[in-house]
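Protein chains in written order, with this note's numbering: chain U, 246 to 329; chain V, 24 to 609.
Everything labelled a hint here was simulated from the structure, so no lab data went into it. Do not take every clue at face value.
[What the hints assert, rightly or not] Subject to a maximum C-alpha distance of 20 Å in a straight line, what follows is the list of computed DMTMM-like cross-link-like pairs (lysine to aspartate or glutamate):
id, chain 1, residue 1, chain 2, residue 2
1, V, LYS345, U, ASP329
2, V, LYS345, U, GLU325
3, V, LYS89, V, ASP467
4, V, LYS345, V, ASP498
5, U, LYS248, V, ASP425
6, U, LYS313, V, GLU500
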Amino acid sequence: MIKRVVDFFGDERHARRRHRLFYLVLVLIVIADFLIFREHAEYLWERLPGWSALYGFGSCVLLIFVSKFFGHQCGLMRREDYYD
Amino acid sequence: MTDFVHPGLLFILGAIPIPFLKGSVRKAYVLLIPTLAILAVLTMHPGGYGAARFIGQEIIMAKVDKLSILFATVFSIMALIGTVYAWHLTHAGQHVAAFVYVGSALGVVFAGDYLTLFLFWEGMTFASAYLVFAQRSDQALRAGFRYLMVHITGSVALLGGIILHGFATGSLLFGPIEGGLGFATCLILAGFLLNAAVPPLNAWLTDAYPEATVTGAVFMSAFTTKTAVYVLARAFPGTDLLVWLGTVMALYGVIYAVLENDCRRLLAYHIVSQVGYMVVGIGIGTEMAVNGAVSHAFAHILYKALLFMGAGAVIHVTGRRKLTELGGLYRTMPVTLALYMVGAFAISAFPFFSGFVTKSMVVAAAGQDHRALVVLALTMASSGTFLHTGLKLPYYMFFGTDQGLEAREPPRNMLVAMGMAAVLCIAIGVFPQTLYALLPYPVDFEPYTGVHVTESLGVLMFTALGFVMFLRALDPENTISIDTDWFYRMGARRFMWLAERPLARYEKAVSDVSETAALPFLHGMARAGLRIDLHGVDAFVNGVARSILRGGLALRRLQSGVVTHYALAMIAGVIAAIAVFAVAWR
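Throw the hints in and build the complete structure from the sequences for me.
Next up, the structure:
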């Protein structure tokens, strides 16, 4: 069972189904976020349906590029023999 | 029947017979001790045990309350899991070190006074350093020494703080520190923050953990930082500084994790990030926040160990640790991958996994405390956590480019240990009330609300979308990252350069001058002195001696032995005396 699930995520022949499933999940999450009942919202963004999706995506992209900027432009990343 | 058995001493004393046991007896024995420790923790009652007086101070070996029981519970469970994972080891050394390490951590958790705490604190440092040294590679030895040096520096600060605090308050009992941050409390706090790996005091962790043995790193990931979280929760709840340090920490670890190529170093940066949540919780200091911090520590120990076990299994089987050299293992190690992913879902706080019910408590507490910026930063760090531990690391380790590595599932005991941790990660996620009941304060928090579930899934799955879209930007690179260890690694090198170049040159110049100028001069002086001695002083002394001898010989002739000669001489003398007297008197 485990092997079949793992293969679904690894094998190239399942790539199309994998992508479709992934985008379906994304759409469902956003729809659910619109439908859900919000009892009380302390902050402005908590009242905004779909905010978490936007923030998650934005955070991810920001983290990737800010980190790589630090790594490459600010000299945090060095050759492996740097300390040798 | 005694009502309290110290589980820490059970481990430390229980470690002594291990080297003398062989084969299956040892294998049974190493499982027996953690099992007994779990029983000891489950049956203990709150109270103070082992009170004594030492150098005029009150000492309490074990102070048991809900907070210490919570940490002791997860520590002893973790010790059992770690021991199962290390069950195949044939050398006794690592078992002994791990037991002393766990025992010391439990000693800190129960310590009722600073002296007991410090004693066990040091025990942890030395025992855990052995787990790095046991790897035996040159790299590991160097990292181990750096680890020791940093921790000893921290311990000196802690001891200094303890002594000053003791003088100021007159008591060494360990408890909440009141009256703001003085110099003594700052030293104590610095000692604690170093072990919690709060930047800029974090580099020892990410430097040493990836160099430890496969099994040793699993223990290390669980105990040192979490005992630090425990002592912070005990002594510094509600210290506002911790909120900011923790927030920075949560993002710091995530940013470095993007750059990292070593699989266990990536996970180590996520310890920094996750401990950040706990530090924030303690800093906020409300009941809910402290509950969140310590419950997150509980969950974190289990899922982080699971992640380290998964990465360790890959290293154990393939001998490789860099993401650039790994890939395509999903075909040969599907069970390892599945168990690793349980840990990854737990750390990322997916619903029905442990992180979901603990991490959210810290974030919610920050929200209730009106700290919007902290909430946003911690949510961003959550996104980064899933990005690395849940997506990047498994993708490049198990999927990605197939490196054609010959691999198989790790030994059965490793899989069993991972399975135990995985079951607990899911159990905590599904039945959070069991964990909530152990927390120091009553819990008024419901993690499974519709908003919370959709929000979490939104953040996480759209992080995955970002990952899929910018996958190529995340490709691991064959580099290392400069962290604050740069200061002491390069500082030590500069110092050695100073000692080897300018200082050594100066020393050589001084010795050259003395050899070319001073030494010949001194030789000449010595020769001249010798000559004067031989020809001048000696000749004079010999001459005087010879004259005296000659004089003596002449005088001897006067002694004829004839009485009339002597009488004559006396008369001549008397006459001479009278003559002199008469002349002189005039």
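Looking back at the numbered hints, which does the structure fail to meet, lowest number first? none
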